[in-house]
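Participant: If you want the building blocks of each chain, they are given just below.
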Amino acid sequence: PVPPSLSFMDRLVGSTTVWQPKGLSQDQSTSILEKETAGRQWNANGRFAWLNTDNMPGLGVWDGPPLLLSPLAANVTLCKPRSREKEEGRGGVGEREERKSVSTSPPPLRPPVPPQSRAAPPLPPAPLRRTSSRKSTDREVGEGTEREKGQNPAKKTEREGGGERGKQKMGSKPDDEREEKEVKTDREDKLKSGSQHPPLGKKPSRPVPPPRTKPCSPESPAGLANQSPGMRIPPPSPAQRPDVSLYSPQGGAVLATDPDSLSTSSTEEESRSPRAAVRRTPTTVMLDRARYRLSTVLTGLISHDRRLTQRIVELARDPLSYFGNLVKEHRAFTLETMSNHPSSTELLQEIRQMMTQLKSYLLQSTELQAMLEPQHQYTQDKLESIVEAALCKSVLKPLREPIYQNLEKLHTNDSSLKQLAQNQSVVLGSTTTALGITTAVPEASAMEKISIKLNNLHHEYSPQKKIELLLKACKIIYDSMSVSCPGRAHGADDFLPVMMYVLARSNLSDLQLDVEYMMELMDPSLTLGEGSYYLTTTYGAVEHIKTFDQQRSATRQLSREVQDSIHRWERRRTLNQERMAQGSVRDFLTVCCPEIGANPKTLGVLPTTTMEQLAEQCAARFEQGKYQILSVLLSCLVY
Amino acid sequence: MAAAAAAAAASGGHSGKTYSFKVVLLGEGCVGKTSLVLRYCENKFNDKHITTLQASFLTKKLNITGKRVNLAIWDTAGQERFHALGPIYYRDSNGAILVYDVTDEDSFQKVKNWVKELRKMLGNEICLCIVGNKIDLDKDRHVSVEEAESYAESVGARHYHTSAKLNKGIEELFLDLCKRMMETAQAEERIKGNGSSQSASSRRGVQIVDDEPQATPAGGCCSSG
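Chains as they are written, first to last, in UniProt numbering: chain A, 1 to 639; chain B, 1 to 225.
Worth flagging that the hints you see were computed from the coordinates, not collected in a lab. All values reported here derive from a predicted model rather than from experimental measurement. One should not assume that every hint holds.
[What the hints assert, rightly or not] Computed list of lysine to aspartate or glutamate pairs in EDC-like fashion (alpha-carbon distance at most 20 Å, straight line):
#, chain 1, residue 1, chain 2, residue 2
1, B, Lys60, B, Asp92
2, B, Lys61, B, Glu80
3, B, Lys116, B, Asp92
4, B, Lys67, A, Asp381
5, B, Lys61, A, Asp510
6, B, Lys139, B, Asp104
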């Protein structure tokens with residue numbers, strides 16, 4: 001193969017990076033490929049570009065596969081020029097491949113940041129961000145239609161070739177309405193988050209009212225420092241604990257009375273509200289002041305967390321960021337392959353694995369580092385939980401619907417939903433004694449509250465929020481159990497039968513899917529917690545209902561299924577631990593080589609990884625000879 | 001968010017300074033599992049949130065030889081009909097407390113069944129405690145001390161006598177269990193530490209991450225589905 005001449009590459013490449021065979025490190029990074037010849041422009045900030053040989057006439061002569069290398073961006077594209085006529089002629093198969101390559105192969109490059117500013121690339125100023133995220137939504141719209149129009153490769157290719165953005169906009173009519181709404185809320189969010197970032201000089205000095213519904217008043221969070229001691233204290237607000245959010249005006253007060261609530265189990269939340277109504281004596285004023293200070297600090301911290309979450313969500317939407325592209329690719333991949341899974345567990349575990357990977361990438365990436373405000377140090381755990389929440393929003397939220405559809409399909413096919421429904425009526429017909437209940441059971445009003453919680457749970461997308469709602473439902477159950485003997489603490493012996501009783505009177509088929517969703521998708525670091533315990537109990541109750549009628553004779557047969565589930569759990573646990581322990585993957589590397597294998601493969605790369613090792617990895621992943629890959633890679637390095 | 005943060009903090013045992021352990025509580029109904037653990041967690045740890053909690057799931061923080069330990073104690077329903085649910089509770093456990101009633105021969109038999117199952121499913125990495133509860137009713141004892149202790153020894157478990165009513169032996173039980181779990185965890189860390197340094201030198205830490213399990217070769221049905 002004759003490599004393209006240097007001058008040609010010069011034209012293509014604004015600044016070429018030498019990818020040293022010795023290894024990959026962030027410093028060596030940053031390869032920029034500019035490709036004006038093919039009609040694709042640098043996008044606004046000129047942060048990345050991709051290469052698609054299809055549109056590069058100049059490369060037609062060159063038969064060697066490698067084209068683009070970007071170590072830091074962790075993207076290697078080895079594209080062989082493909083002739084377009086051939087593709088169009090290929091019909092069905094070509095169609096699919098084309099789709100794939102559209103969704104996966106244009107590999108995003110890590111924004112080329114000049115070395116000196118690499119450690120902390122400045123965030124674009126607020127207005128710029130607004131536009132960029134506006135663009136991002138447009139892009140998503142485009143994607144949506146792209147998927148719809150996936151059946152028409154020719155058209156797409158054509159669109160691909162031209163000024164992409166404009167075309168996408170034009171072609172995006174179909175689900176505009178919904179998307180448009182999203183754009184709007186997006187904008188609103190933007191505005192709000194904009195108002196949440198007051199210039200540093202103007203430090204606000206009052207606890208914040210809920211930013212969700214109201215724009216912040218100028219006197220907002222986090223100003224313990226410039227708070228004068230003689231300041232008026234806001235009157236303690238009467239109880240009314242907000243649901244989960246700590247954001248209400250009372251939020252601060254409640255927080256102060258109960259600083260523990262930040263770190264406590266959520267089941268008790270509701271029981272403690274009355275305490276906030278304190279009579280005001282001089283001492284309480286003093287106390288209030290202290291509380292108030294504490295609360296300002298806490299509110300400040302919380303809004304920082306919120307802001308960071310929001311930023312990560314924005315990053316995930318940003319088509320110009322590497323992370324945004326990862327998220328997009330993963331999502332496209334998941335949507336495409338979702339219906340291929342033989343079991344719900346596999347389906348969900350793959351999604352969880354993907355999230356864990358995105359999380360571990362982000363936690364080690366400079367993209368996240370750049371977003372952290374230096375004055376706010378997060379512990380690793382805290383940071384992880386923020387990233388987790390942001391990932392739920394950006395990854396799981398759009399997937400929730402399709403996931404549920406697929407789960408339902410799978411469970412309809414294996415007739416477990418039917419079996420569950422049948423047994424539900426058996427349990428409904430059983431007396432409390434037959435169920436083994438020794439305490440009071442929830443009355444109608446409590447049942448109603450429970451079913452509201454469970455219904456909200458069903459519609460929630462975040463496993464963690466679902467679990468919070470589950471805990472609240474459990475709390476109501478416990479409360480009703482205590483009616484018969486107040487003050488007695490109930491153990492699992494008492495609780496599980498009542499749980500069965502309650503679940504038999506709920507929407508069990510929804511709940512079965514919910515339980516699975518939560519168990520498989522929850523943050524693996526929470527598996528020891530209270531939420532996990534009650535989730536397990538709920539799972540147990542559902543499983544028990546499922547086998548209720550034959551249980552006398554066949555209790556032990558159930559355990560085969562459950563044993564399988566343990567093995568899966570074990571495997572996952574090991575995987576997660578390994579991942580946590582390794583903690584040293586510097587970057588993920590996506591290698592795309594249409595010539596050899598259809599899909600891009602993602603590899604983890606350390607700063608110390610050598611070319612040879614990389615080639616070994618590629619060889620293993622693509623199931624090709626090492627030397628073949630090596631030669632491919634090495635020929636890349638020439639430029 | 002609050003709950004998530006709490007749990008994350010509780011389980012952040014990877015740093016080496018804080019250990020997070022899960023302990024599962026097994027045994028027939030009525031042997032006093034719940035009162036045992038309630039006694040333990042209530043007694044010393046009078047933190048307000050414990051009292052509002054129920055006894056099914058309890059947590060306890062300890063400080064053992066300068067190391068912080070977070071215990072999460074998972075109660076299980078002891079009725080025979082729920083036996084099949086055992087695995088979903090004991091998976092991932094670092095320790096198991098198997099409680100029987102010294103006045104009830106049958107409950108001791110159940111403990112033996114659990115031991116067999118746990119060893120089969122989890123191997124030796126789980127620390128087992130066999131606990132004869134209700135020693136305040138010693139005059140009605142139906143399980144002999146010798147029998148119980150020699151059985152425990154034969155299966156690599158420790159045996160304890162407790163009385164939840166008199167608050168006897170409980171503190172010792174948990175403290176001892178924690179120490180053993182710490183030892184196990186440390187041993188595991190050592191092995192892992194050696195293992196990873198070896199593999200690091202041999203593989204230079206290259207990690208292959210599968211982000212597209214299966215599905216890749218078959219890809220054929222993607223576009224239609």
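Participant: Decide if the proposed pair is consistent with the structure: Lys61/B and Asp510/A, CA atoms, cutoff 20 Å inclusive.
Facilitator: violated, 37 Å
Participant: Compare the distance between the alpha carbons of Lys60/B and Asp92/B with 20 Å, and conclude whether the hinted pair is satisfied.
Facilitator: The hint holds at about 18 Å.
Participant: Does Glu80/B sit within 20 Å of Lys61/B, going by the straight-line distance between their CA atoms?
Facilitator: violated, 32 Å
Participant: Within a Cα-Cα threshold of 20 Å, do Lys116/B and Asp92/B meet the stated pairing?
Facilitator: holds, 17 Å
Participant: Is Lys139/B close enough to Asp104/B, meaning Cα to Cα at most 20 Å?
Facilitator: Status holds; Cα separation ~12 Å.
Participant: Quick one, are Lys67/B and Asp381/A close enough, alpha carbons at most 20 Å?
Facilitator: holds, 19 Å
Violated hints for the displayed structure, listed by number in ascending order: 2, 5.
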